[in-house]
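Fit chain B to the known structure of chain A by using the hints.
2 protein chains.
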Amino acid sequence: MAVTRLSSYDDYAGLLDRYDVFMFDCDGVLWHGDHLIDGAVEVLNILRSHNKKIIFVTNNATKSRRSYKTKFDQLGVEAHVDEIYGSAYASAVYLSSVVKLPKDQKVYVIGMAGMEEELREEGIAYVGGTDPADCTLGQLSLTDFELDTSVGAVLCGLDTDVTYKKLSKAFQYLTRNPGCLFLASNEDSTYPINGGLLPGAGAISAPLRFALGRDPIAIGKPASTMLDCIKAKVDFDPKRTIMIGDRLNTDIQFGRNGGLATLLVLTGITSEAEITGPNASPIVPDFVTQSIGDLRVLKKE
Amino acid sequence: MAVTRLSSYDDYAGLLDRYDVFMFDCDGVLWHGDHLIDGAVEVLNILRSHNKKIIFVTNNATKSRRSYKTKFDQLGVEAHVDEIYGSAYASAVYLSSVVKLPKDQKVYVIGMAGMEEELREEGIAYVGGTDPADCTLGQLSLTDFELDTSVGAVLCGLDTDVTYKKLSKAFQYLTRNPGCLFLASNEDSTYPINGGLLPGAGAISAPLRFALGRDPIAIGKPASTMLDCIKAKVDFDPKRTIMIGDRLNTDIQFGRNGGLATLLVLTGITSEAEITGPNASPIVPDFVTQSIGDLRVLKKE
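Residue numbers (our numbering), protein chains in the order written: chain A, 1 to 301; chain B, 1001 to 1301.
These are computed hints drawn from the structure, not numbers from a lab.
One thing to keep in mind: the hints can contain errors.
Quick partial rundown of chain B residues pointing at chain A, CB under 7 Å, derived from the structure [claimed, not checked]:
| id | residue |
| --- | --- |
| 1 | Q1139 |
| 2 | L1142 |
| 3 | T1143 |
| 4 | V1162 |
| 5 | F1171 |
| 6 | P1192 |
| 7 | N1194 |
| 8 | P1199 |
| 9 | G1202 |
| 10 | A1203 |
Anything over 12 Å on all C-beta distances counts as not near chain A; from chain B, calculated [said to hold, decoys possible]:
| id | residue |
| --- | --- |
| 11 | R1048 |
| 12 | K1053 |
| 13 | L1075 |
| 14 | S1097 |
| 15 | P1102 |
| 16 | D1144 |
| 17 | D1148 |
| 18 | G1196 |
| 19 | I1283 |
Nothing here was measured: the structure is a model prediction, and the numbers come from that model.
Where is the CB? At the ideal position from N, CA and C, for every residue including glycine.
Just chain A, same shape as in the assembly (with noise of 0.2 Å):
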């Protein structure tokens, strides 16, 4: 199937005929790291002026969605902690009302205090993370390493502070307690900054993937996971639904998992040539557009 480039007034007004819920994906997409993308804020504004419904989902593990809301605050961006799904709370819904992880276990956490928050309100108990006894160079020590028995998942999200420590200690509790789970926030393979790229939170994982010879559990965009916890809070339609992002095998993927319209844009990780040409991505997104900003011909006069 081929992709449909929308370019006139028609072509645009055609999605607000067809859709009424609107999710974007964020960086990339609304803005590059703290610079928000022309006309971003103005096509957010057009949209509820229809009275669609906004959700932002992102793969963002590192920030809980109250501090992801503070982004949006500091860039001028209209947006609610119940419209925002990050990978953090996507993974702590999971444990909670998925799993439904017993009370009386724990995750031990790979990531970042944005990771912790969304679990602790999710009433999941954890270790690991953030914990300064983890967050130390040099090797462990299996003598002194005390196996807790009531680990019963391990949860890899993106973390600038690991450690082999906190590697090596999951490590552990995956190939010595029994049923212990490998979650991963998601497995973006990098992640986008300053004009830049870094390893994203599937490099986070992958030593842990290399070690035990098998995959994780994969929570954040493509996995159906994340649209599933977005289900139990939102009704929606998946046929009056579109999916808005940057990166063909996790945004536009996501879209095409969960049965909605997709629509990616040009601003972030995707080029032209990966959607045309010889060397094209097998993934193809309904729409493709250049930014987000060109929506801003739908502006009420």
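Structure of chain B alone, referenced to chain A:
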């Protein structure tokens, strides 16, 4: 081809008839951590008394040959630096003799002091490694980061001080320096210590492998690069050489790749169930014996 189980005096004496060069993996074969395997010293002495050439082939990349010799000394095992081939040394030789890294280029190291020592001895300039600036937690600021365009290779070994900063810098070199090589000292998934397992060197390069979507050139066992490195220094006939090890997917595969005979010992990673029965590995050694100590029967009266 079925494995031959050694048990009688004649079985062991046959090894002396057929092989002139005995290559040994160390951990799991000669010792466990700081504990010698019973009979190991005696067997090495017996082989030396029969004028057999002894070569120690280890994937350990954290120690230089010189510091690895200290380990032999402490355990009371006779060894000479030129009998020891470690993956840090082989990596340095690969860069100096195979790649012939230009003198104005350097290597970015994710690894420890032993790897740096081997690079220095081969005259290879390096950055990263134990540099305190890279051994700190937190995110790499791409705004402050200056890309060193003379970095022509990234070399990863086991590094218990691995940080997100090191991974992020390595990622910049590998994605922004044209032709930058991606090397791994070895790809062991785990690393045995104190009767337990920690993530191995392969887990340290795994984040880059995942973020880049490509595999490193691996130097250590089972790659033939390690054997090429030994061949460059020692004159031996592969047909009259036997590799003795405890791991099927490193030691035994290494021997098979190089056309050497192979002897598996069961004092390390591999269990009986992996060589017999319905779930046996497809990697079959020529010979198996419980322990290297079994060769003590060859002691001259």
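Verification of the hints:
1. Q1139: holds, 4 Å
2. L1142: The hint holds - L1142 (chain B) has a Cβ within 7 Å of chain A, the shortest such distance being about 4 Å.
3. T1143: holds, 5 Å
4. V1162: Because about 6 Å separates V1162 (chain B) from the closest Cβ in chain A, which is inside the 7 Å limit, the hint holds.
5. F1171: holds, 5 Å
6. P1192: violated, 10 Å
7. N1194: Nearest chain A Cβ about 4 Å off; hint holds.
8. P1199: Since the shortest Cβ distance to chain A is 4 Å, the answer is holds.
9. G1202: With Cβ-Cβ at 5 Å, under 7 Å, it holds.
10. A1203: holds, 4 Å
11. R1048: holds, 34 Å
12. K1053: Non-interface label stands for K1053 (chain B): nearest chain A Cβ at 34 Å, farther than 12 Å.
13. L1075: Label holds. Min Cβ-Cβ 19 Å, cutoff 12 Å.
14. S1097: Its Cβ never comes within 12 Å of chain A, the nearest being 29 Å, so this holds.
15. P1102: The assertion about P1102 (chain B) holds, with a minimum of 26 Å to chain A.
16. D1144: For D1144 (chain B), whose nearest Cβ neighbour in chain A is about 10 Å away, the distance does not exceed 12 Å, so it is violated.
17. D1148: Correct as stated: the minimum Cβ-Cβ distance to chain A is 15 Å, above 12 Å.
18. G1196: Violated: least Cβ distance 4 Å, not greater than 12 Å.
19. I1283: Correct as stated: the minimum Cβ-Cβ distance to chain A is 15 Å, above 12 Å.
Hint compliance for this structure: hints 6, 16, 18 are broken, all remaining hints hold.
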